[in-house]
Amino acid sequence: MGYTNGCNIPHTLRRNDIYYVYFRFPDSQFFRCSLGTDSPRRCRFIISRLSPYISLFRLGRIRREQLLKFIKTMKKLTMQDIDLFVAGLNAEILQYVESIPAEALTLTPNMLQS
Numbered sequence: 001m002g003y004t005n006g007c008n009i010p011h012t013l014r015r016n017d018i019y020y021v022y023f024r025f026p027d028s029q030f031f032r033c034s035l036g037t038d039s040p041r042r043c044r045f046i047i048s049r050l051s052p053y054i055s056l057f058r059l060g061r062i063r064r065e066q067l068l069k070f071i072k073t074m075k076k077l078t079m080q081d082i083d084l085f086v087a088g089l090n091a092e093i094l095q096y097v098e099s100i101p102a103e104a105l106t107l108t109p110n111m112l113q114s
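Note that the sequence shown ends on residue 114 in the UniProt record's numbering; no numbers are left out.
Keep in mind the hints are simulated off the structure, nothing from the lab.
Heads up, a few of these hints could be off.
Unchecked claim - Label-pair ranges, simulated between beta-carbon atoms:
1) 96 x 51: 18 to 24 Å
2) 101 x 68: 28 to 34 Å
3) 69 x 28: 39 to 45 Å
4) 34 x 93: 21 to 27 Å
Computed from a predicted structure; not experimentally measured.
Beta carbons are placed, not taken as given, at the ideal position from N, Cα and C, and that holds for glycine.
With the sequences and hints as input, model every part of the structure.
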């Protein structure tokens, strides 16, 4: 039987009743940062808002410092303020994506048959 940390929330570890963002990379490196809470409800809430950014970090789209900044900011905020903070981040991402020039997609007969 493998090691269990007593926590069933994805990407988290509970240690001394404090929750941490915790995950492992394929090259055996770890990422761990305290969420500063002992409440499973608040932990679930923060992790649900952080999940897209954890995915971006694991894909190499954002840097470690950026993810740490997001986590440290969310630790200090109320749940309502976290939603406003995430909405602001999403607006920045949308603005960036819309500024990328799109290439025109030309459909060929071969593409239509697939």
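Right, here's what the structure says about each hint:
For residue 96 and residue 51, the Cβ-Cβ distance of about 19 Å falls inside the hinted range of 18 to 24 Å, so the restraint holds. For residue 101 and residue 68, the Cβ-Cβ distance of about 31 Å falls inside the hinted range of 28 to 34 Å, so the restraint holds. In this structure the supplied range 39 to 45 Å is violated for residue 69 paired with residue 28, their Cβ-Cβ distance being about 25 Å. Between residue 34 and residue 93, the C-beta spacing of about 25 Å keeps the proposed range 21 to 27 Å intact.
Checked against the numbered hints listed earlier, the structure breaks hint 3 alone; every other hint is satisfied.
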